[in-house]
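J.: Using the sequences and the hints given, assemble the complete structure.
Read off the chains here:
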Amino acid sequence: MNKVYNNADEAISDIESGMTLMLGGFGLCGLPENCIAALVKKGVNNLTCISNNAGVDDFGIGLMLQKRQVKKMIASYVGENAEFERQLLSGELEVELVPQGTLATRCMAAGYGMPAFFTPAGVGTEVAAGKEVREFDGKKYLLEHAFKADFAIVKAWKGDTHGNLIYKETARNFNPVMAMAGNITIAEVEHLVPAGELEPDMIHTPGIYVHRIFQGKQYEKRIEQRTTRKRN
Amino acid sequence: MNKVYNNADEAISDIESGMTLMLGGFGLCGLPENCIAALVKKGVNNLTCISNNAGVDDFGIGLMLQKRQVKKMIASYVGENAEFERQLLSGELEVELVPQGTLATRCMAAGYGMPAFFTPAGVGTEVAAGKEVREFDGKKYLLEHAFKADFAIVKAWKGDTHGNLIYKETARNFNPVMAMAGNITIAEVEHLVPAGELEPDMIHTPGIYVHRIFQGKQYEKRIEQRTTRKRN
Amino acid sequence: MALTKEQIAQRIAKELQDGYYVNLGIGIPTLVANYIPEGIEVVLQSENGLLGIGPFPFEGEEDADLINAGKQTVTTVKGSAFFDSALSFGMIRAGKVNLTVLGAMELSDRGDIASWKIPGKMVKGMGGAMDLVASAKNIIVAMQHTNKAGESKLLKECTLPITGLACVKKVVTELGFFNITENGFELVEIAPDITVEEVKAKTEGRLTISQNLKKMIL
Amino acid sequence: MALTKEQIAQRIAKELQDGYYVNLGIGIPTLVANYIPEGIEVVLQSENGLLGIGPFPFEGEEDADLINAGKQTVTTVKGSAFFDSALSFGMIRAGKVNLTVLGAMELSDRGDIASWKIPGKMVKGMGGAMDLVASAKNIIVAMQHTNKAGESKLLKECTLPITGLACVKKVVTELGFFNITENGFELVEIAPDITVEEVKAKTEGRLTISQNLKKMIL
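Just so you know, the protein sequences line up as chains A, B, C and D, in that order.
FYI, the numbering for the first sequence is 1 to 232, going by the working numbering.
FYI, the numbering for the second sequence is 233 to 464, going by the working numbering.
FYI, the numbering for the third sequence is 465 to 682, going by the working numbering.
FYI, the numbering for the fourth sequence is 683 to 900, going by the working numbering.
Relax, there's no trap hidden among the hints.
In silico lysine to any residue, SDA-like type, Cα no more than 20 Å apart, as pairs:
#, chain 1, residue 1, chain 2, residue 2
1, B, LYS400, D, PRO737
2, B, LYS453, D, GLY742
3, D, LYS884, D, LEU842
The hints are simulated quantities; they were obtained by calculation from the structure and are not laboratory data.
T.: Next up, the structure:
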């Protein structure tokens, strides 16, 4: 078993133009920064990206939008991004907006081998267009399908050589559900340790879901809204 | 906020005959022993019990079967239990056998507010009787529904006064998914600590799902198959 | 005098009860956290994966890995728990959140809410709002009664794309506190120095005045 | 000579590859763990919530909280992870387990398997077997070729209630190694000192003999 790669360039080397990628993170928190940089460098394009947000102009998936690498964005919230808005309004970028819980659950469903499930989010809205509606106990639900992705790219705090992952605080967000959903899953971690060093009870993503892992470097971890209080 | 109860008797005091209960555990591992003892003592009957197993003759749910408190058992595997077999064959006990993954997922679905989902387990078998079959990507799946339960009763290793739970090893099993699924969830724990003592990143069941918690006592933790090796 | 945003939040905070799990949306709803009544304990849920949102960090102690759903740096409290986005919306859909407070662009007198899109002008996305409104049993909307042009945002029918149908039961604006009943908006508390006539003039949707109309006390 | 149970397990172990995640059922399948080839690393999955099953504990070190799906006390290995039952079957259904080895009561020549119930006699339940057979891309069945009365258990049609339809691709019995193809059971390796005639006599289902039939080497 060898899941360990040297760096992002090696881990993403077989990602090709036209593929569908899942990218973990919420806002700018818990982003696979190293892989995004490597994807920008590699210059693949025509990508379909599934990610809760589209980054900001000069960070996260925003960097890939700048290079026009993204053909279609599947996300729940895409504010805070002028270049995104420009491409959307000009028709250069295809966008599918999905309720945040539905987005997370469609990833999870893939990782749970569950092709479809019913959820109440979006009943009676634009999101329901073309979808089966069914009533359970007097309440209406939409049938939603599991996502498929050629690659899932996630960021964790710690990982071991078997691919077991532990996330930190709210940098967990979409990372665990996407890690389960990729046809191939790449995990970049701040700390890569030998198998056996992580407490088996405390693992968030079991290694069976993770195909490649590497220790990332130079995490910027940009803060979108720096809110503080003063000491008394 | 006060979720802390003194003991099992108090925690289960409003469980009534005829109710549906979920009980965590796999085999004899991770059983809510204190609550089972209290249910036997209280003598409620006509219960529908959802649990992966039915215990053995003199431990676990087997104790409730001895007292004929169970009207219907929903489980995946019920071997190792002579009294169970007797009640089943005599028609005293109603039994619904559910594939283990479907059982777990129907609990999880309740905790995720997902009324129904598709799963491949049981297609073409007795389990499929009366169920919708649908094909996704050329493979057939059954539509299965979330369970409902008046009470979920689970056992954890550690818990805090907010109801946050951490399980130990394979005693985790069905406990987290049932904890999420009860209309009211009761957790018995080996170690009850004040809120703030558990690491927020390491909590398996967030307290929002847990309504009552108490520190259990005198855990027997019986071993069903004691297998060992000799030191060289 | 019309309520300030802080006062709207302050009034909503009175709906909190001990032991409540509460999801507060971005904007006015976030301010509710500043007015939690003394002596009760509530747990704030952040849909990016945190139960138990604490106050903003002290300067210099910001942690990029610890943010709320508004992407603001926050802290934890005693009893906090982290989890992933699927479980976060799982607990929301399962009805485990006792109270959800949201902003809105428009509200209909049947409780429809529009909050995520202005066609041709603004498409930021619905984020978690559609999941929240479809799931919560107890939703209070915090919003301005009229737009900048002075037009009512409490309408017979929403004109903007819907976030959820018939889901809002209560709304607090600068003019008062309204229940949404089968007869439309029901004014139950009126802001200090606001007249019923002003409320009527500024409400396009069906409006009734409660038999027990009270002056709002903050 | 017909294979012993240990030899059946030994033969199946040769199908293991480095990096495989493997679920071993109760009975003969469990024995496969004793014959993992040198130099490869496989991770054993236990559906009650463990990846990385270790050997039985030393006497006196049994831990009631640490068992396998057969309820036996076990240990962990380096890289083990615990999880709940839903995630356990999630990874099974999602096809993340590379190889599943199961016992069976009967097998049809189309790959149907019966393993969970004898009507009127035995109803222990299917446990995780239905999930496993419905999900795994790679299933090997380990079983006895005939029952105690000498009747074939490799049949045209299963007579017992089915666990899963058309899901088994390979079966190892005391007589040999068979693929299941569109033409039924295909004998590809024959046990030492067993004749093709004996296999034919003991197989009720459709049987073909591989052009490349080999003597099994253990």
